[in-house]
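Engineer: The listed protein sequences correspond, in order, to chains U and W. Per the working numbering, the first sequence starts with residue 406, numbered consecutively. Per the working numbering, the second sequence starts with residue 894, numbered consecutively.
Hints in this document: simulated from the structure, not taken from any laboratory. Bear in mind the structure is a predicted one, so any value in this text is a computation, not a measurement. Hints may be right or wrong, so weigh each one.
Derived coverage of chain W by chain U (criterion: at least 3 residues anywhere in the stretch with Cβ under 8 Å from a Cβ of chain U; other residues may be distant) [as the list claims (entries may be wrong)]: (1) 943–953; (2) 999–1010; (3) 1048–1060.
The calculated BS3-like cross-link candidates involving lysine-lysine, where the alpha carbons are at most 30 Å apart (straight line), are [as the list claims (entries may be wrong)]: (4) 1050(U) x 1087(U); (5) 1397(W) x 1411(W); (6) 1197(U) x 1324(W); (7) 1197(U) x 1050(U); (8) 1324(W) x 1263(W).
Here a beta-carbon is modelled for each residue, glycine too, at the ideal position from N, C-alpha and C.
One letter stands for each residue in the lines below.
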Amino acid sequence: MKRPVGRPVGMLHKPWIVMKLSIVLFLATMMEVSAHAYAQEITYRNDHARLEEVFSEIRRQTGYNVLWSARRLQTAKTVSVNFNHTPLEEALKICLAGQPFTYSIERKTVLIREAPQPVRVVGARAENPPAVDVTGRVIDSNGRPIEGVTIQVKGTQNGTYTNTAGEFTINAPANSVLVVSSIGYLTQEIPVNNQTMIHIVLQNDEQTLGEVTITALGLERSTRSLTYATQNVSEEELNRVKDPNFMNAMAGKAAGVVITKGSGGPGASTRVLLRGNKSILGSNQPLYVIDGVPMNNAASTSSNTLFSQQDYGDAISNLNPEDIESVQVLQGASAAALYGSQAANGVILVTTKKGRKGSSTVQFSSTATFENPIGLPENQTRYGQRQPGVSNESWGDAIADGDNSHIVGFFNTGANYLNSISISTGSEIGQVYFSYGNTHATGIVPENRLNRNNFNLRATTQLFDDKLSLDGSVNYISQGVYNRPQSGYYLSPIFSLYLFPTGDDFSKYDANHFETWDPVRGLYRQNWPYIVNEASSNQNPYWIQHRNQNDMIRERTIAAFTAKYALTDWLNVQARTTYDRVQDRYEQRLHAATDPLQASANGAYTKNTSNTDQWYSDVLLTANKDLGTDISLSATVGASNTYIKTSATNLGSITASGLSYANFFSVYALQYPFNATESLRKTLNQAVFASANLGFRSALYLDLTARNEWSNTVNMPFFYPSVGLSYVLTESLGTSDILSFAKLRASYSEVGNTLPFGVANYRPPYTIDNNENVNPRGTLPFFSGTDTVDLKPERTRSFELGAELRLLQNKLSLNLTYYHATTYDQVFTIGAPAGSGASNFYINGGTIRNKGVEGLISYRVGNGDLQWTPSFNFSRNINQIVQLSDLLTTPRFVLTSIDATRQVQLFLTRPEGGNYGSYGDLYGKRIQYNDDGSVVTDNAGLPVLSANPDEYIGNANPDFLAGFNNTFSYKNISLGFLIDSRWGGKIVSVTETWRDWKGLSQRTADARDNGGVLVNGNLVDAEAYFKRISGTGQQGAADRYAYDATNIRLRELSLSYSFPQFAKGIKELSLAFVGRNLLFFHKEAPFDPEVSIAPANGLQGIEGFNLPSTRSYGVSLRATF
Amino acid sequence: MKRYHKIISRGKLALAFAVSALLVYACTDRYDNADLKQFSDEQAEIDGVKGGMLLPGMMSNIVIATGSANYQRDNNHNGDAFSGYLSSPTPFQGNIQNRTYAMSDTWNSPVWTNPTEEVLNPWLQTKKEANDTNYPDLYAIGLLCKVFVGHRLVDVFGPIPYTQYGVASEVAFDSEEAAYDAFFEDLAWAIDALTKAEDESPDGDQFRFARFDQSLYSGDYAKWIRMANTLRLRLAMRISNVNPEKARAEAEAAVNHPYGVLTGQDGSFAVRATTTHPLEQMSNAWSDVRMGASIVTYLKGYKDPRLDVYALPATDPTVEGEYIGIRNGIDIAIKDTYVNFSKPNFQQTTPVKIMDGAESYFLRAEGALKGWNMGGTARQFYEDGIRVSFQLNGVGGAEEYLNNTTDLPADYTDPKNPDNNGGILTHTTIKWDEGASAEEKLERIMIQKWLAIYPEGREAWAEVRRTGYPKIYPNVVNYSGGLIPEGEFIRRLTYPTSITNASKAAVDEAVNQYLEGKDSPFTRLWWDVD
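Isolated chain W (complex conformation) (with noise of 0.2 Å):
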């Protein structure tokens, strides 16, 4: 009995092993373990894409065009108050951050990681991909967006990452001298790529580059050569005061290039804003941005026609159709007090600019000032920039401006709280002067260039910090807890925590070895000398 029970039992033994490897192994193809709707490498080859696929996102988010909450604190919670352009109503985190000079690690953090997540890591993959050698020109145009955030990023911190990036999983930091030497080499290494292309193609860069241009240059390479051309000329002038000879040389080599630097034809390099342009969120929906007190004095006192472009009159009762800024750093208890002060006048499809048209010619008038073999006099490159922004601006009268001799920035007057008030910044004038002194000629420059290149706060505050102008309006409330001294001003960000946690070492020989052992928002950078 129990045999024959065996027998049955081993045949359906057998049957239900192989109704169970049915069940079980019917199904074993073995996925990649990726969401099959994502955009892969085989979808990457197609038409050539992975040669210039990442650069949109990566010219978007050198000035970041891409999101209105990383714009805010990219640039607006740092350059953008720092340089005296906008302020803010908003009394956040009880009125004691960075711009009371209290350093916000939640808003300095993305100040690195984005530009790493979003322009270092993409150029590191690229690199991977061997892009430099399969499409150099694309290649160089990411290397140029690479450059432009390495620098912004040094002009912030000091030492990072750059010349060993993406070589292992920790890496040194590099001096800010060493950065500025890699800046060059790779902007040389860049321009020379594309410079090749555009002289064997002129044509070429409209079937390989101009889809993945974001910027309203359209894919024209000579245009990008001359925008690199600045570039260069910039970062050389923001060394002249360490290391002059190296400044003269990139210098004249910039604007001694084939193509030359950007002129008043080329316009702006800005990029198409992702969705709008984050200070028009910003200062509309949000009613976080306002204008700066120092630009709105210096803009109304010249009488300058640009000050209709760059603000809209107040709406707040005390001061009803008046151009009023708020002045940065005060005392402020509610968002009410001062939410209704001029804002800054930015649409939904203005473009989001990272480097001026008139710039090269203000760069030059201080290049020719030293002494620098520029092409040109300094009274003429400052002239000729005011004609270009004015025309960039869409605004005229720029000859009367030119001579007026007479009109000096307004005083500011807060009609909310008068331990706000300050005067005159300054009394020096628009009208060039071929006779005053050096400095004056500096200051006029400065601040004419300041004028011009507005909203882009970082690269102003940077020249603030070189260079002393133009004169703003120091802070009345200071939380740093004594690291900024008073009348003092912010000179650096301090290192967030997602890098002092992620590379505490790396960190701690780069404080000690090049920020003189601090990591405050006091300590001057290396190019940063009087």
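The following block holds chain U by itself, in its conformation from the complex (with noise of 0.2 Å):
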């Protein structure tokens, strides 16, 4: 009989030298540390009381939360009691004596488990088989071992627990049945069949009554007392496939989150969309909170035209990865209500790492992926040039040696090196988290890299009897990015590359040839006979990544300190602060002999540096009482400040004045007049805020919320109030074998979106042009003669319905929500009318409704060595712009001008005859027909194109999405994959626009082998046609270049081995292969249709000379010591 190599929880292990320092490093700052026994006291009387009556009883007079899982408890007996001040612990070995269960405490929880019974030594019987020693390692879904589960042999009293690798040893009959259970996973039999080594994972079991999610402000909160829907993604699903910036790993993983992958390489912004777009000018992108605290998504400005379209990165993609616990996705305003007038687009919380008491762990984890350009377009090689090496078109003879391989050779195998190490520890009062990664890529195209060092220490420590709880936190980040390449029109190597003429050799201006030594100059110049000014610019592609750089350097600090003291077993106050300070540095040097459009015969120079400074600090006064024995509350009051500071400083050179001396990039050679701009804003917000959750028998829920707010932008106070109620009803109704657990809710809210600084202001200030001239005030808020409105920041005032059900044991569960968000008061401008005295009026001068399901299905299927969790979720959106302002006279909204664009343009269109116009809704130029369905034409024969850009093409947003992701585990292995897909929803090229103008399309091809094209019946000129539908660049057919967006793919595949321990130290080692966008089921477009080329709300549906989209593969390796 050998003697479980697994320890009972809570006993003393080893200390590390880690942990010590922790401990020291508190008690240097602390006076006095003592450590009392719990002094929690129980009064209750009951003959026949059942476990979970005094269990609740406990937790109502202690604030002992008591955890215990419904269903085991059914096998306990009730109990006679008679406690009178009674200590905890003594209750708690009372009522528990002769039951099959045992509890241990940590913190305030009480945990109760099915207790190991001493075990028996019984004598082998001959037709028994003989008992084994078993080993064997238990693990949860993600591959983590799971220290203190039980592990019984079925009918006996014989048990063990694991150690905190998971491990655990256990003499067994080798027919017997081991029954493995712990508190919050899903009890396992499985029978050990002659086995002597067995690999256990064990699932989460989600009916935990405990379990919490966070909420708003960083509240813990009962999951079951929750009136809205919120979706949690875990640290493991995140991190499955890496991508430098993290939100990218969100697609398809959670319903109603749309997610736009930037189109500038490595670390672009992202755009993130919950339940559709509301605001007009505001962001639509959601309030990202870290740790409670809401966070700057600074620097993600991005301008509304295709022109130099330069993507500065989010700050959201700065943190690291392996630091995130988990994120929780609020889609509604509801759950966001607290957040007041930034929670409009609902919130994303990210949960960071903390030290864990009782353990330590380093952790090291390591992906490389690779990355290849997928959606490429393939130019047709069997039409050169009119003027071979000369003329910037393909519309010449037929060749025989055309060629189209440049485009594929131009792009590398683009790389990211996520390396991340972190180091967790703590005692029973000191934990402490230190982490440190580095993120190295380079891009697809050549010079684009991005380094970034994420370093995160976070220490915790509970004093006077756990009473004061500190938490202390600094995040340093340090973030290079090189050559992030343009997209769109000017500075972008694609457009120049995607265009280079069929016919001349694209070897001849390589990365070895695109420059050539100018012995008159003394430097090198553009190898480039392209260079000509046709509605762009166009450059040698290798001749921008090399000669037009630009560095982009991020430096962030983040400090972040909360104290909570516990005044009471109930009430607990928290103070919380936070400084976020971003440093931005951005040059750019464009080389002598770069095009005269962009830069001087000297070159430019541009530098700019930005600083946010972002100073949050709440108080926090947190009740949580039982009122009586069916009334549960817990309540909160608080106040908020929040400060942030944004200052700019830009330099660079004009065009037309240039550089003193060529290729001196430096201020000293900016030639006047140069740009010189600076900026200095303050805001300030402060709220003061309520919540209320009232429980009833722990099945009905009133949630209350309340925010009154002042904020400097906004002339007037504004409160925001929102009102749930859940209800479940399984609670009341019993549950079932088939039905485990129903629960419904409803909320109603109303949040807002702040107004964008100084929109206000009734005397902007004036500004100042380069040559010292001083600009009137343009735009102003909307007055007449002397009369002015007061402008109000928007406001989303949304309904919610939902259901939550699991069946079958819990293995199925659905979650369905129905939402009805209408924002009120846009604020936009209009233009003004003429003859009043500024250009242009903001107004509140609009209503958009966004309603709408979402749902998430998931499933867990099999037993033992196999399993599979299938989820499915899915959303639907649908978008109504309700009512514009009778001051803006026109029947629309213009979002996006033809000029920003030269393709489509973006419109909001007033309500007409019932039909709502769209967010998102985009116009261009459309081919004429007649009313017998053929084309008009002009006196050419060729097709007549609507006059102005203001015929309807599609609406951007796509009308539905779902996502289906799965894990299989089998032993040692795990199998994942998401496919995701996006139907409906237009996009409108116009790389394929330019590509048929200069007959550079298979289209165009096929059109001149085929002798023209057919209009009507009769053969039109190839050539003069497709100059005709593509407008040469400006305003062609939009219809002809839309294309459904719809597309299904394989997004995410991995495939991870968990090495079974074979070194002491070594708590775990699993090896993964991974792979994103593998593969498209369906497509409709040429190209990757969920790149977007800016995150701006006017850009959307518009594909114009993007970074192509990637498919990446690699390995990563994740160790845990």
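Dock chain to chain to rebuild the complex, using the hints, since each chain is given by itself in its own frame.
Structural biologist: Take a look at the structure:
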């Protein structure tokens, strides 16, 4: 008989040096630490008490959370108790005496678990097979070892626990069955079947009563009491297939979350949209909240045009994904109501890791992925140039040696290396988490790379009988992105690469030949015969990447401190402050011999520095109290203060005046006049808020929140309330084998979208030109003569209904939500009437409604070795423009003008005859048709396009999204894949338009082969036809270039293997092969329709020489020591 | 036990709220909702800057000197092309736009918005600041800028809001006649204010105004007054066919003002370009501007020495070394075809001309032709105008030129497309012929004024419409959809959506009342009568 290798939970364990350090660290700052025994007492009498009743009473009287599994407790006997100021532990012992349960106390939580029974030595009987030593390892569905799992031979009292590495050894008969159970997991029975090595994967038991969800402000709330939809994405899901911007890994994993990857290579901004576009001029991106504190997602500004489209990266992408414990998506306004004016677009709550009590781990993870472009255009190879090597078109004679391999050849294999190491350790009073992450990525275009270092130190401690807990962290991030490629027209390597004429030899201008020595000037000149201003700037793509360089350097420090004090057992106060400082430096160096459209003969230089400082503080007073036996109250009152200061200094040459000396990239070289701008803006937002959650018999919950807010960008205070109700049906109806859990919820809320800075200012400052000319005030809040209006922040009133069901003993779960959110008082600018005295007016002028459904269905299949956990999420959003102000005298608001894209414009239209326009409606020119269906033609027989680019083309937003996420695990092997689909929506391609104009598309070659294009049965000249419909790159027939964005893809695939423990120090070692965007099951557009050229509101549904999207694959190694 | 806890907790609660108060109210200073680094009203008070600070921007945006993209739309895509001065090798928007008589909204919008934002709104601001009483002389300069853009707007669109500008959020449009009446009133006010200031203190302008003067007149009110009188004369001439009495009165008042009109010594009214002359950037860096066929045939045929000053020889192999312009309104498939025809000759430092120094001579010549008291004869002003123009362009040979009785404009041959060929535009020669018909004399004056005031296409286009001279090549391609009959010239720009969207009611009323119900490019303006 061997002793179990495991140990009971709560026993002292080997101290680690790091842990000691942490203790010293905290002791140094504290005067006294005393460790009293728990002094909680219970007074309760009941002769036939069910254990649940006793536990409820304990929870009520002591404030201790008692966790148990309802199903297991069904086997418990009723007890007769008579406690009178009985200490907690004694009370627990009394009521568990003779029961198959034991307890442990961690902090303020009592865990009730099945008791390991004393092992009885039973004499071997002849008919029984002999007992053998079975060793094994228990891991969770994510491959993490689980400590303290009870392993018991079925039908006996023989049992043991797993150790910190999840390992156990038990002496069991070869034909026996092991019962594996642990709190928070589903119990499994594993037949021994003569095995001596057994791997067990435990699945989470989501029915655990004590399950909590992190909600707004970081408040932990019992999941069953929530009155709105939220969805959790675990660290494992996020890190399965990594991306330098971790938000890209969210795609397809949560219902109703539309992720559109940016077009700027590694670390580019990602557009995230929850439940549709709500704001016209304001942000439509969710609020990011890190550990309860709203984060400024600064510097994600992007221009609304296809010209000079530079992505400066967003702030959320700076985080080290390994530091993230979980991401909670609060899709709706109700969930986010406590954030008031920032909450209209939903919230993404990020919880980061901290040191854990009682365990010390070192975790190392390393991922290397490689990526190749997909969806590249294939240029025709049959027709060359009119003037070989000179003219920038391919409308010449048929040729035999045409080649289009330069497009594929230009791109490198991109590489992303993400390495991270973290150390987590802790004792009863102090815990420390430290991590270092390094991300190094090289893009698919030459010279583009990203390097990021993340340092994170977090220390937590609990003092004075755990009454005071302190949590402090410092996060330092340094990131450099070099030569991030631009998309669109200017300075885009993609533009000139895709439009390189067929017939010319690209190798004449390649990486070794993109410049030639100019002995007269003594510098290298660009080697490219196609620098001609034809509606855009055309330069050698290698020259752009090597000689039109840009650096984006970011240093960021986030320091956070939280103190929480338990005033009584039911009341605590928490104060929290976070300082987030982002320092950005941007430099652009355009060498001499750059296209004169972009730079002077001596080159061009731009240097920008900007800082964003955000100081957020809040104080929360939280109460958790049972009011009588049936009613529980959880309430919070608090106040917050957010102060944001942004400053920027920008210096840069002007093309006409340029630099004093060639290639002297310094502020010294700027010649008058040059751009010199500076800004300093301070915004202050203060709020008081309160929330209350009333529970009745753990079945009915009422949730109320209120927030009153003052902001210096708004001239008046604002109030944001919410109310919600949830009802756990199974609490009153009881559970069955079919229905395990059922809940209905409904909520209503009002939240805002704060006014953009300066909008409400009646006397905005004058602006000054480079030549010191003072310019007047242009865009003002609406006025008439001397009358002015007060602008209000946008307000979203939303209503949602939801249901959560768990069926078939929790195997099948369903979560459905219907929502209806109307955003009022849209702030936008209208062209001021002629003669009014302003150029534009800001008005509160519109109402937009989003309604839709979201759903998540998950199932758990398998037992023992083989597990399959499929989950399916879907969402449908309908966006309607309900009203536009009468102050806007036109039927539409121009969100993006034709000038910005030269192909399509985005309008918001006033409803007409019950038909609603929708955000993302694209307008452009169309080919005109006669009533008989024939094409309207001109004298030359060519199609006639509409006179103005204002015919409806389609809507940019998808009709329906669905993601199908799967994990199969068999013993140590786990296979995960995500099939993601997007249905409907249009994307207009500027690239395809230009390829037609220049005679590069296959269509143009086929037409020439056929002797022309048939229009109304008449053959017309191919060149004339394509020039007409492409509009020679400006205002072509947008309907011809609008593609259905529907696509179904294998977004993620991972195959991982968890090594059996082979060395003592290694707790876990797993290796995974990962892939992203591996294949399309279906795709309509010739390119990946899910890449956005920019996160700007007005550039959705437009593709314009985007950096192609990529297929990536690689390996990921993860080790825990 | 519980009681004890409560007492403790009360103390702690108080403490907690004290902490919270500290955190939350530590920084409750209410900042103005403003960017602290921007130019504010407080700064404008120092040194009395607010009196004149908006003037540099205003005078730099009559003819746009502040940016090539704005100039391109404001001037080049309409007046510069329609006057026969300049053309473009670029087939913008599939070659279907203003230049081929299809009204381009994106091009025409800035024609309205630019002068409104850069001149009319700043004027309103100075008016609201009561600058007309505080700084009447500086206000007068702004008023002159306002009249300038006002007439330029009326002359392209027709009715615009002028007299009611800024009174309410939506105001009625003025008829062209009412606007012109207001121009004369504003001009009279400005001229009086400047005359008073100049008479009281001849050097005062140097202290008060020179720092704000972007023009070559360097803050000299006397020159500004003569420029204002010339503008008054220009506008009087413009209405001479519809209101001859008023025209004559205004013209004579301008000429007979103590300071008079511009002379050769004053030079042209021009401002320094912010970075570069827009036409320099547009012809060199952008390759979007080339000489127009019409003006080159006149200059070439007349052996005009100003040709070398105005244009550069072509570099296209078919016409290398020659001066050749591009005919306007032709079929262009690709930019390469005409990109190497003659460029206009502008340097970065070339000032942007708003009113040519010789214009006053030609206006007086025409006035004299009408029998107005202009202080001289038509011939005298005609010949002096040419002399001044030659002098201002730094070329000699004026007397020889004035006596040329034989040379006619050249014909036009397009080496790329014979469809665009055109014959000699006129048989009118240079030398003044006192015996010629009034019509021929008018044509002669108009041709020479047109050659002198180059490249200000907006003014040239207006005068071509008013008088029909000089004759220029009509469009070969016409995508107006029948609005402009074949062989006819465009008469105005249609209202862009920036106006029709924002002021629909006012526009509808103006179109119905003053434009014969048709917002068409072929609707003639009030002063445009045969």
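Engineer: For every hint, state whether the structure bears it out.
Structural biologist: Evaluated hints:
1. 943–953: It holds: at least three residues are needed, and the stretch 943–953 of chain W offers 5 whose Cβ sits within less than 8 Å of chain U.
2. 999–1010: holds (count 5)
3. 1048–1060: holds (count 7)
4. 1050(U) x 1087(U): Holds, because 4 Å separates the two Cα atoms, which is no more than 30 Å.
5. 1397(W) x 1411(W): Between residue 1397(W) and residue 1411(W) the Cα gap is close to 14 Å, so the pair holds against 30 Å.
6. 1197(U) x 1324(W): Since the Cα atoms of residue 1197(U) and residue 1324(W) sit roughly 70 Å apart, the hinted pair is violated (cutoff 30 Å).
7. 1197(U) x 1050(U): holds (22 Å)
8. 1324(W) x 1263(W): holds (20 Å)
The structure fails hint 6 only (numbered hints given earlier).
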